[in-house]
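K.L.:
What follows is the residue order along each chain.
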Amino acid sequence: MSQDSPPVFQVEHVTYAYNNQIALKDISLTIRAGERLAILGANGSGKSTLLKILDALYFPQRGAVRAFGEPLTEAALREDARAFAFRRRVGLVFQDPDAQLFSPTVWDEVTFAPLHLGLPRAEVIERAEWALDLLNITKLRDRAPHRLSGGEKKKVALASVLSLRPEVWLLDEPTASLDPRSQARLLDFIGELTREGKTIITATQDLDIVEEIADRVVMFCEEHEITSDGAPHELLSDYDRLVECNLIHAHRHTHDGTEHVHHHLHPVSHRHAH
Amino acid sequence: MTWAGLVGLFKRAGAKSRLSDLTGALEQSLFAEEIARRKGLLQSLDPRVKLIGALAWLLAISWSQNLAGIAALYTLTLPLAAASRVPMTFYVKRVWALIPFFTGIIALPALFNVFSPGAPLVTLIDSTSPRVYLAITLPGVVTAAFLLLRVGTSVSIAVLLILTTRWTLLLKALRVLRVPQTFVLILGMTYRYIYVLLHAANNMFLARQSRIVGRVADAEQRRWLAASAGVLFAKSYALSDEVYLAMQSRGFRGEAQVMETLRWRGADWMWLAVFVGVAVAATWIGS
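Protein sequence lines, in the order shown, are assigned to chains R and U. When the first sequence is numbered by the working numbering, its final residue is 318 and no position is left out of the sequence of numbers. When the second sequence is numbered by the working numbering, its final residue is 271 and no position is left out of the sequence of numbers.
In case anyone wonders, no lab produced these hints; they're calculated from the structure. Computed from a prediction, not measured in an experiment: that's the story for all the values here. Don't be surprised by glycine CBs; every beta carbon is placed ideally from N, CA and C. Among the hints, erroneous ones may be present.
Here chain U is said to cover these stretches of chain R; the calculated rule only asks that three of the stretch's residues, wherever they fall, bring their Cβ under 8 Å from a Cβ of chain U [claimed, not checked]:
#, stretch
1, 93 to 103
2, 122 to 131
3, 143 to 150
4, 198 to 210
I would like the entire structure built from these sequences, with the hints used as guidance.
P.N.:
See below:
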């Protein structure tokens, strides 16, 4: 990705509130094709809302969003052709697989997007089989999603978007509730998408994965504004900012009989040395 | 799942005093679709044939004025169940174990001369001072028998349809009958998310169990149940929002589509003719 890549999303002064409770405040952001962006922020900082705005599920109450150079508005997407064209290019993986997996079987789930976006039946089948095979879950094909393990559900959720073959992937807390092996496989999968030149936008508070999944980070603080925008190594070494944004906290422990106080990368690892 | 079946599950789960048993029992009955996946007669038919056939039989039951006609329809469901590899004891018990309890209560007053005057069969009270006369009458017995047999046969047909048809295909068949799309969708989602919400309820129950010791007063139990119902409602509301967004995100525009393509085969036409023919015959006999 270079600065010459065309913009995928242009977010201009966007504000969004739920019943007068601000979720996003005057957000401006340009995301280019092939970019790997991590949206960092604590719970309730507005990351998920921004992803939903980028996926045209919510529309800003103030400000504007352009996708692929076109205005992304409710009125524009009322037209089936434009809505289908947009949805074929952008896929969102929800944080909660129980929200994402609503179909009776894994096969129905994986065929849902290409089927509803009007692809020919033969192509729907070919894409669904390909997605199941790529994620190595063909054996789950006739299973009911609600009877799967957490890791399997996440794979099915990914397959349900993969069958769409979108150019832009929006991932909401992709490692939440995953065991270490499933996390590692997920990161491998994101690596595959990167090699294919996809645009990957990940909302997360898992600092451990940021450097693996992103070349650029925007950070939200609890005021629902973007407070930083830069390279992962720059932002992750700014401890004061991470503490301010509730992404790390002071950690007190005893080691060799001496009490230490460190910044604590939350929730998985301790990145400190003695 | 019928009311009778649902109450049966609650009873079984109640006997074990565990909400988790209820979740398990419901999961087994509602979600396994184990019988619907067997290779049997009804499973091999197009769901539209079964749905239209079932509706024709239900109409025949409502219109029939003849007990023998309704009984004949019920009798015909037994070989159909056997040919569809539905365990016979399970099928019969599932319906008839609870029908007398629920429908019987409704039918009970109809037995007596107060509501159904006519020739007495059994006189229960006959006093002259004060004048009180209570008897079970022949028209009363006939009315109660009609009600029980109608409900029992209708529930049996519905159970047979549900047991032998995968839920997704049943929903698709409903669309053929011009059932509003929104209604079909809501049915589908309800089915899927009953499971998720049951798990949430179960977890709430376990979380509470882990924090209490000894017996809790009934009033306190009731308060907790009411509060839990409220929390569960809020959760289901939030989840329904997310699910709708997830559907929209993957191209849903109000018209649900299913991958399976339903095709009428020769056998489907034949069985449709049989089902409708039987319904017409039962109505004619009973008219």
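K.L.:
Each hint: holds or not?
P.N.:
Hint check:
1. 93 to 103: Per the Cβ count (3), the hint holds.
2. 122 to 131: holds (count 4)
3. 143 to 150: Since three or more residues must qualify, the claim that chain U covers the stretch 143 to 150 of chain R holds, with 6 doing so at under 8 Å.
4. 198 to 210: holds (count 3)
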